[in-house]
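**Student:** Using the hints, position chain G against chain U.
Protein chains in written order, with the working numbering: chain U, 14 to 288; chain G, 244 to 488.
The hints are simulated quantities; they were obtained by calculation from the structure and are not laboratory data.
Note that beta-carbon positions come from the ideal geometry of N, C-alpha and C, so glycine has one too.
Fair warning: there could be bad hints in the mix.
Claimed, not checked - Label-pair restraints from in silico Cβ distances:
{"#": "1", "chain 1": "G", "residue 1": "254", "chain 2": "U", "residue 2": "229", "range": "12 to 22 Å"}
{"#": "2", "chain 1": "G", "residue 1": "474", "chain 2": "U", "residue 2": "255", "range": "35 to 45 Å"}
{"#": "3", "chain 1": "G", "residue 1": "254", "chain 2": "U", "residue 2": "53", "range": "30 to 40 Å"}
{"#": "4", "chain 1": "G", "residue 1": "260", "chain 2": "U", "residue 2": "56", "range": "36 to 46 Å"}
{"#": "5", "chain 1": "G", "residue 1": "314", "chain 2": "U", "residue 2": "60", "range": "33 to 43 Å"}
{"#": "6", "chain 1": "U", "residue 1": "42", "chain 2": "G", "residue 2": "314", "range": "24 to 34 Å"}
{"#": "7", "chain 1": "G", "residue 1": "314", "chain 2": "U", "residue 2": "56", "range": "20 to 30 Å"}
To be verified - Which chain U residues stay away from chain G? Per the calculated CB distances, all over 10 Å, these:
{"#": "8", "residue": "59"}
{"#": "9", "residue": "157"}
{"#": "10", "residue": "281"}
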Amino acid sequence: MAVLAVSDPRPLAAPPPPRRPFTGLVGAVEGIGFAALTLVRLLGLYLRILGGRARLDVPAFAAALRQSGLSILPAITLVTLAVGAILGQQAGSFLRRFDVPELLLLSTTYAVVMELVPLLVGILVAGRAGVDLAVRQANLSVSGEVDGLLAIGIDPIAYTLGPTLLAMLIMSFAFAVWGGLMTFTAAFLWLSLETAVPPALFLDAFTSVIAPADLLQAIGKPLLFALLIGLIATVNGTAAGRDPQGVGAAATRTMIGAVAAILLADLAVIVLTGR
Amino acid sequence: MTNALELSGVFQHVGGRCALEAIDLVVPQGSWLLLVGRNGAGKSLLARLVLGLDAPSAGRVRVLGQDLQGLPRGALAALRGRLGAVLQGGALLEGLSVIENLVLPLRARPGGRAQLARAARLVIATLRLDGLENHPPRSLSLGQRRQVELARALIHRPDLLVWDGLSDGLDPAAVRDTLEVLRAQRGNRPLTLIATDNRADALGDGCDQVAVLERGRLIFDGSPAALTAALPQRLDLRYVLTGRP
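The following block holds chain U by itself, in its conformation from the complex (with noise of 0.2 Å):
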C-alpha cells in the first residue's frame, strides 16, 4: 500500500532576506562589541606570531603595504608639502607685521608635529587604506569568499586586517616622520625665500618644543588613529552582509566615522594628557 505524500507539493516559499548585521541601536551596540572582539583577536594573532605558533600572510601583508602605503605616498607628501608653503606664507605675512619669530616658529612647530600631519596622515590613511580594506571584507561578505576562508580553517580576521593593520601601523608611523620633515622643509624654504628669519631658529624651535613625551605622542597618535580606522573599516565591511549594495555603504560609513573617530580620539588624548 502506497504511503500517502508526508511532502506538501506547493512551492517552497522564499525565505525573507537576512538581516544587515549592525543596523540600528542595538545593532551599534553590536558593532563596538564586535570592534572590541576583533581587537582582542588581533592581539592574539599578533601574540601568536611573535611567539611563532602562528604565520605572518607574507603576501597579503606584501600586497597590504603595496596597496595601502605606498600607494598614498604621492598624495601624503604633495599635501604635507602644500601646507608646509601654505603655513610658510602666513607666518612669513605675519611676521612682517609682527617681529615675533621665536613665539611664531614654537606655536607652529608644535602645531605640525602634534596635531596638522598626525591628522593629515590619518585622513589619508582613513581615505585609502580604511577604505580599501572596508570594500575589500565587504566583498568578502557578499560574495561568500568568508565562508570559504572559514571552510579552510583561516581565519577571515588573520587573513585581511591582521596583514593590513600591521602595514597600516608602519606606514602611519613611516609618514608621520615623514610628512612631518615634507611640512617643515617646504615651510622653511617659503619662510627663508620671504622673510630674513635664519635656520638657527628654526632649530632652536624644533628641540625645544619637541620634548621626548611630546615626540611619543605626536608618533603614537598616527598609530592610534590607524588601529581606529582599521576596526572602523572592519565593523562596517563585515555590516555589508550578503547585500550587494551594502559594499558601497561600507566605503561611505568607513570613511565618515573614521575621520569623526579620528578627530574625537586626538581631543581626548589633548584632554588627558594637558599637551
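**Tutor:** Chain G only, in chain U's frame:
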C-alpha cells in the same frame, strides 16, 4: 567504526521560519552520503551546519568525534583543517589567482614553498586544471570554478569532504571523472563524503547512504537499495525525486 558525522535533534530557524526540523543523521567514517532534496529543502543549510559555518538553533552537531557547539575558535579552526568544502556560491578569493587559491589551506601550515608548489601541481594534474594556474577565478567558467574549489578542498587531504551541489556547473563527464579521483583517494585512506544534489543517482555506484530532505525534514535515510525498494510505496519520495507523485 567511529562516525564522521552525527546530527541529533537538529533544528535551524532562518528568518523566522523553521528551515530544518528534528534532523537525526549518522554518517560512518569512510562512508559516502548523498543528501537529496528539491531547491530550498535545506541541503545547503545542513552542509553549512556540518562545516560549522552556522550554529543550529537547537540540537547537536558532532563532526569527526567533536561537538561543534562550544568548541573554542582555535579548536574549530583545527577541525576545519581536517575538512574539505565545496560550497555553493563564490568561495574562491577573487583577488588571488587559481594557484594562490589552491594553496590557501596550506599557507598557514608548516612547510616551505616547494612543498606548497608540489601539492598544488599534483592536484592540478589530477583534476586536469593545467593551464589555469595563473588565471583569476572570474575568468573561469562555472564548471572550472567548481573544479578549482574541489581541488582546493582536496589539497590538504581532508578526512571529510562536504560537497554542496554535486553536479552544479559540471557536465556528467566531469562529475564522473571527479568521482573517479575521489574513489582513488578513498582507496588510500578513508575519505568520508557528504554531497548534496537534487538527483538521487548523482553519486553513481559509489554511494553508500542516501538521505532525502523535504521542507527541512528528513523523510528517508538508508542505502540506495533501500531507497529503490521504498519508492513504489512512498509517494512523497517519488514526488521529491521525480517531480511526479
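**Student:** If a hint holds in the structure, say so; if it doesn't, say that too.
**Tutor:** Evaluation of the provided hints:
As the Cβ distance of residue 254/G to residue 229/U is approximately 55 Å, the hint placing it in 12 to 22 Å is violated. Restraint check, residue 474/G to residue 255/U: a C-beta distance of roughly 37 Å satisfies the suggested window 35 to 45 Å. Taking the beta carbon of each, residue 254/G and residue 53/U are about 31 Å apart, inside 30 to 40 Å as hinted. As the Cβ distance of residue 260/G to residue 56/U is approximately 39 Å, the hint placing it in 36 to 46 Å holds.
At about 21 Å, the beta-carbon gap between residue 314/G and residue 60/U misses the expected band of 33 to 43 Å. For the pair residue 42/U and residue 314/G, the supplied restraint of 24 to 34 Å holds, since their beta-carbon distance comes to about 26 Å. One distance hint, 20 to 30 Å for the beta-carbon pair residue 314/G and residue 56/U, holds here, with the actual separation near 22 Å. For residue 59/U, the requirement that its beta carbon stay farther than 10 Å from each beta carbon of chain G is met, with the minimum near 15 Å.
Its beta-carbon lying about 4 Å from the closest one in chain G, residue 157/U breaks the requirement of being farther than 10 Å from that chain. The claim that residue 281/U lies off the interface holds: its Cβ sits roughly 31 Å from the closest Cβ of chain G, which is beyond the 10 Å cut-off.
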